[in-house]
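Colleague: Position chain B against the provided structure of chain A, taking the given hints into account.
One-letter residues, chain by chain:
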Amino acid sequence: MTDVKRNRINLTEKDYEGAPSTMCRGCGHDAISASVMRAFFESSIDPRKVIKLSGIGCSSKTPAYFLGQSFGFNAVHGRMSAVATGANLANHKLLPIGISGDGDTAAIGLGNFCHMMRRNVNITYIVENNGVYGLTKGQFSATADIGSVMKGGKVNDIPAIDLAELAITLGATYVARSFSGDRKQLAPLIQGALAHRGSAILDVISPCVTFNNHEGSTKSLKYVKGHLDPIHDVDFIPPYENIEADYEEGTDHEVRLHDGSRIVLHKLSKDYDPTDKGQAITAVHAAVAEGKFLTGLIYYNPNRIDFATELDLCDTPLAELGQEDLQPTAEQLDEINASFMK
Amino acid sequence: METPSINDLNICVATENGSGSASSNNILFKAIFKMGIPCSSKNMFPSNIQGLPTWYQIRASAEGYLSRKDVIDVMVMFNDATAAKDIYRVRDGGLILFDDSAPLPAHLKREGVQYIGVPANKLVAKLVPASPLRAKQRNMIYVGALAYLFGIDMDVIKAVLQDTFGNKPAVIESNLACIDAGYQYLKEKGATQNIARLQVIPNGNKGKIITDGNTACALGAIFGGASVISWYPITPSSSLAEALEHYLPRLRKKRDGKRAYAIVQAEDEIAAAGMVVGAGWAGARAMTSTSGPGLSLMNEMIGLAYYAEIPGVFFIVQRGGPSTGLPTRTQQADISLMYGASHGDTRHIILLPHDMNSCFDLARRSFDLADRFQTPVFVALDLDLGMNLWSSEPLKLQKEPFDWGKRLNAQQLEEWVKAGKKFRRYFDQDGDGIPYRTVPGNPHPMAPYFTRGSGHDADARYSEDEHDYKYILDRLRRKFETARKYVPKPIIEKEKGVRTGVICYGSSYEPVREARDRLKARGLKTNHLLLRALPLTSEVPEFLAEHDVVYLVEQNRDAQMAAIIKDEYPGLGAKIISVLVYNGLPVTAGELVRQILEARESAAA
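Chains as they are written, first to last, in this note's numbering: chain A, 1 to 342; chain B, 1 to 605.
Just chain A, same shape as in the assembly (with noise of 0.2 Å):
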């Protein structure tokens, strides 16, 4: 027994498992379930203050499938952004990580998703993103690219929208984009988005092998792993860590966490400073045109405050405040009830 892997607080790999997955067999899903396990476990996160959010479809119902020690809550399609922005004002002390899809985030819950980001609530939000509505069985949904076919054969004519430039304009401050597949690059963005303080989207591309995955679709397993096109490769490395990473000057990327902890970007094919929103969305929009999936961290705003930060809010969570904290006394009521005699 004494061979099983324990992270800095304990735990072990199982530590971070949930309830069997009821996904398709191979659904990308899962294999980003499996990420965040990891990227937890490696960050040696104590899944006790860790809450679960997500909305309605395949990928919300995925929370179930990871960190079984942690709250979770599974509301109602496209709103988990408002619901864990209540959460996150009632206890900011605790750490919301949300699963989405593209039909909860991009169609019925772009307006909410928008707002959330606009405010730069404090989440880890992932859209597990393959292009079509799972549940409801094979639907586009807004993220399917134009000219994609579905499976009975029918054309998409309506362009798509794409999550990340979407974030990057509308003010989350922490956006990537990956692949199900890609556990090396995801699992480390994970880290990096539960490290970070704001709005962290991931928009990972996760092929649904049951209902896109036939020839003639842009979200089809054989499709996405022909025209990934990573920026960089990424290390994350937390802050009790002392080490060096493997860092070439002058052409590897760092970035500080608000947590200490950093995120290595070794470069690959270009120049790429996540920090210039003006480069990230022209980066995504020459991929777009080149039918590329541009993957690794896109953009990083380190300088903005998290929406409980900036509403002010008290250290101790408003939702551990009892009556004493919250009921103000009879005095100032009796001074109340003198102004209202003016």
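Calculated directly from the structure, the hints in this document are not laboratory data.
As the structure is a computational prediction, the values presented were derived from the model and not from experiment.
A couple of the hints might just be wrong.
Here are the simulated lysine to aspartate or glutamate pairs, DMTMM-like style, with alpha carbons at most 25 Å apart [claimed, not checked]: (1) B:254 / A:315; (2) B:254 / A:324; (3) B:418 / A:15; (4) A:14 / B:414; (5) A:49 / B:415; (6) A:49 / B:414; (7) B:258 / A:312; (8) A:137 / B:465; (9) B:254 / A:306; (10) A:93 / B:414; (11) B:254 / A:331; (12) A:93 / B:256; (13) B:253 / A:324; (14) B:396 / A:324; (15) B:258 / A:310; (16) B:254 / A:310; (17) B:253 / A:335; (18) A:14 / B:459; (19) A:342 / B:153; (20) B:258 / A:324; (21) A:5 / A:182; (22) A:342 / B:245; (23) B:406 / A:320; (24) B:253 / A:325; (25) B:421 / A:15; (26) B:253 / A:310; (27) B:421 / B:459; (28) B:399 / A:331; (29) B:253 / A:320; (30) A:342 / B:63.
Modeller: Using the frame of chain A, we list chain B on its own:
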């Protein structure tokens, strides 16, 4: 020649909205209040920023009635657009005060009423330089004219101006100059009227306050511990949230040098409700305020909160529906929508305040009920109660400990473990339908569970099993039955031997009180039950059983509350005769008396 009444007067001021009349009307109302005379005001305003007609009624009532009076004694005819109709709104023998800067057109002349002119445009032109302010100050002229005609002392006016604009001496001075000009003009002209005199009642309103229901509810919410508030602007509920924004920084103690509350203007009502659900789930006392259309949008979230058993308070300030309807007029037409909000089988607790103190008190208690029953709780107001100014006894704080309900902390869970008990989130441990609850952040290993709006069993596991599903639905119904013992009981006024009853709720209380006095004077004695909550409590069927006929007054077309009572007590429901007022205006006693007597006659015929 009439003998002037003492302190019995109903003035209607007709102006355009955006013309500054809110300020002049407020001064007039507060002056009468300061004289110690029981008085009330009703603002009938349009859904518009500037230019549409608005009417403001001020009633002085020696007998202490605060509802809108349907007989108008004095019309202040300061809006040309409505003047042709306004001259007929005033009663025979009444008075019309008009601006005689220009001659009165022939079509605005009417027999049987007294006309008094005051050249407001000319007077204000002398006092105020040409500017947008001049049009606003013009309204101060009628304040002075009325003060002279009915006997409001200029010292009282000065005191009100001081109260209202204490830190702005220039504003006081310019308003006072205009008011005085109106006053002096009529004095020099020797104008007289025989309708009424206003006389100071020493200590008449001593200790009384003036406020509106939205403000009283906001204060109640603060004293009830609301800490996460999310809302979306909508008339007539916006001023409730704005009152919270105003008072929270003043009243809520700081913690760690920072704010012990969060208030968020959401992007829509769906998000506002979503934040309430998220915050309630995470353990804060959370609330929102909205009106009909917003309530419609919130329905899905309300169903989630009902089924997943999450506390939250929803203040609903009702207006004229359906759809956009009459957004600035009053109604009680969202009772059915609240009671069964969302899809599927649901039933909700609704609190029904009827005056300023019950707004404060029920708002405060709504948070206890939400936590006790782990469910959405509605506090139902209407525009008349929420936005009009009411004179009232001071707000009173009942010092009771907060009821956090069956919420277990880590220590309590540890005691359960020692006692061999298992925490089962959705299990009916005590037979009252109310399960135990933990909130996120509770570090005990037994605490966490997965909340979902989809089917679940007593242990919060996903389940589509028919027995699991039915167990939860039946327990929710049992929980609602338990709520009957916790919600505020009706207030009953009865005399032995009286066999005619009246039931009402909310802002109908004042006109009903007055109507009952008038009916009594005409030989019809009535008993009264003021409903203060849903679910119905046992007093309601008892009251129905004790009477031969019960008039149920409500402000909607479809007799929504009557339907609820008849559904629950079909045997007794036949005694109910609905008295319905749904024209968007605050209810008058005259209308109630008319309908009740008509119903009596047709029953006798």
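Colleague: Does residue 335 (chain A) lie within 25 Å of residue 253 (chain B) when you go C-alpha to C-alpha?
Modeller: Judged against 25 Å, a Cα distance of about 15 Å means the pair holds.
Colleague: Take the C-alpha atoms of residue 421 (chain B) and residue 15 (chain A), compute the straight-line distance between them, and say whether it is at most 25 Å.
Modeller: holds, 24 Å
Colleague: Taken at face value, is the distance from the CA of residue 459 (chain B) to the CA of residue 14 (chain A) at most 25 Å?
Modeller: holds, 22 Å
Colleague: Regarding the pair residue 342 (chain A) and residue 63 (chain B), is the alpha-carbon distance no greater than 25 Å?
Modeller: Given that 25 Å is the threshold and the Cα spacing comes to 23 Å, the pair holds.
Colleague: Is the Cα-Cα distance between residue 258 (chain B) and residue 324 (chain A) 25 Å or less?
Modeller: holds, 16 Å
Colleague: Are the Cα atoms of residue 258 (chain B) and residue 312 (chain A) separated by 25 Å or less?
Modeller: Within the cut-off at roughly 6 Å; holds.
Colleague: Checking one constraint from the list: CA of residue 254 (chain B) to CA of residue 324 (chain A), max 25 Å. Satisfied?
Modeller: Holds. Residue 254 (chain B) to residue 324 (chain A) sits at ~12 Å (cutoff 25 Å).
Colleague: Can you confirm whether the C-alpha distance between residue 49 (chain A) and residue 415 (chain B) stays at or below 25 Å?
Modeller: holds, 22 Å
Colleague: Assess, step by step, whether the Cα of residue 399 (chain B) is no farther than 25 Å from the Cα of residue 331 (chain A), and give holds or violated.
Modeller: Since the Cα atoms of residue 399 (chain B) and residue 331 (chain A) sit roughly 12 Å apart, the hinted pair holds (cutoff 25 Å).
Colleague: Hint check: residue 421 (chain B) vs residue 459 (chain B), CA-CA at most 25 Å. Holds or violated?
Modeller: holds, 13 Å
Colleague: Is it true that the CA of residue 5 (chain A) sits at most 25 Å from the CA of residue 182 (chain A)?
Modeller: Status holds; Cα separation ~22 Å.
Colleague: Would the pair residue 93 (chain A) and residue 414 (chain B) pass a check requiring their Cα atoms to be no farther apart than 25 Å?
Modeller: Holds. Residue 93 (chain A) to residue 414 (chain B) sits at ~23 Å (cutoff 25 Å).
In this structure, every one of the numbered hints holds.
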